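Trainee: What follows is each chain in one-letter form.
Number of protein chains: 2
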Amino acid sequence: MARRIDHYDDPAAPAANSIVPSANVAVIDDQGQILVIHRTDNDNWALPGGAQDFGESLPQCGVRETKEETGIDCEITGLVGIYTDPKHLIHYTSNDEVRQEFSVLFTARVVGGELAASSESREVLWLAPGELAERQMDRSMRLRVKHLLERRPSPYLG
Amino acid sequence: MARRIDHYDDPAAPAANSIVPSANVAVIDDQGQILVIHRTDNDNWALPGGAQDFGESLPQCGVRETKEETGIDCEITGLVGIYTDPKHLIHYTSNDEVRQEFSVLFTARVVGGELAASSESREVLWLAPGELAERQMDRSMRLRVKHLLERRPSPYLG
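Residue numbers (our numbering), protein chains in the order written: chain A, 49 to 206; chain B, 49 to 206.
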């Protein structure tokens with residue numbers, strides 16, 4: 049069966065053979081709640097996002113992925129950080145792609161839409177920051193959410 | 049002969065078939081001068097930079113490319129913007145790669161090294177902002193330098 053295996057700082061990990069830019073989006077509503085998805089492929093919670101397609105900019109990618117995974121239309125408002133740690137590798141066993149992390153976390157505001165689950169998101173919720181911090185998430189998403197909730201004065205550049 | 053052809057918003061351009069993250073770096077010295085290179089492959093001036101390699105983060109890429117092209121060691125201090133405009137395509141005729149723009153412009157300070165030209169940079173100079181603005185550069189570099197000199201309060205996200 050095809051699997052996704054995350055490696056972090058693992059001397060036994062295979063060598064990276066791809067870098068694919070992706071966007072994550074922290075959509076924040078008028079009450080300061082944050083839009084999150086409960087992933088279908090594992091039990092983790094995450095901010096919506098995914099890989100950039102040809103023909104779109106990275107902010108456009110974030111808007112498209114958010115719509116697909118949550119039903120919400122958003123507008124990008126700012127940047128939390130850039131996450132390009134070569135120690136984080138994602139191995140897709142179906143084609144032996146070994147992807148080196150490359151993600152950008154944007155902030156956004158709601159401009160329309162209705163909450164809707166998808167094939168990638170079994171639940172979609174608005175969570176207060178304190179509730180978000182308590183949900184199960186993978187290591188890299190946890191770091192991004194931490195930076196988001198810290199309201200850093202300048203973007204994280206890692 | 050192998051060529052690089054830049055297309056911008058060109059209906060006749062070939063379709064993109066790659067996205068390769070790259071870093072540009074605006075190294076600024078104590079007098080507010082900016083480190084620039086005179087490119088060997090054309091008559092343009094540019095901030096140092098280039099494509100990310102496997103095994104390095106994007107900020108590390110910026111530091112490495114700056115060292116290779118200018119001789120200067122630097123430390124990343126901030127972010128000017130993210131440039132991922134799908135209308136900008138770069139066609140490499142040697143292998144028919146058609147690369148969609150993906151560049152991040154960092155700021156940096158000097159931590160060591162000596163000015164040195166390279167195979168990619170026939171001249172390396174420190175220029176005052178007003179002098180930099182007058183040099184010949186390509187369209188995408190011009191936009192990045194404009195944003196740098198504006199000292200925008202938050203990063204450009206394009």
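Simulated from the structure, these hints should not be mistaken for laboratory data. All figures in this text were calculated on a predicted structure; none of them were measured in a lab. A hint or two may mislead.
Remember, identical chains collapse to one label, so a pair may be satisfied in a single copy or spanning two.
Capping the alpha-carbon separation at 25 Å, the derived lysine to any residue pairs in SDA-like fashion look like this [stated by the list, open to error]:
1. LYS194 / ASP57
2. LYS194 / GLY126
3. LYS194 / ASN143
4. LYS115 / ASN143
5. LYS135 / VAL172
6. LYS194 / PRO134
Trainee: Is the C-alpha distance from LYS194 to ASP57 at most 25 Å within one copy, between copies, in both cases, or in neither?
Mentor: Only inside one copy: LYS194 and ASP57 sit 20 Å apart there, 39 Å across copies, limit 25 Å.
Trainee: Is it within a copy, between copies, both, or neither that the alpha carbon of LYS135 lies no farther than 25 Å from that of VAL172?
Mentor: neither (30 Å within a copy, 33 Å between copies)
Trainee: Regarding LYS194 and ASN143, is the shortest C-alpha distance of 25 Å or less found within a copy, between copies, in both, or in neither?
Mentor: neither (32 Å within a copy, 43 Å between copies)
Trainee: Is the C-alpha distance from LYS194 to PRO134 at most 25 Å within one copy, between copies, in both cases, or in neither?
Mentor: Intra 20 Å, inter 31 Å, cutoff 25 Å: intra-copy only.
Trainee: At 25 Å max between alpha carbons, let me know whether LYS194 reaches GLY126 within a copy, between copies, both or neither.
Mentor: both (16 Å within a copy, 20 Å between copies)
Trainee: Given identical chains, is LYS115 near ASN143, meaning Cα to Cα at most 25 Å, within a copy, between copies, both, or neither?
Mentor: neither (28 Å within a copy, 36 Å between copies)
This entry does not satisfy hints 3, 4 and 5, going by the numbered hints stated previously.
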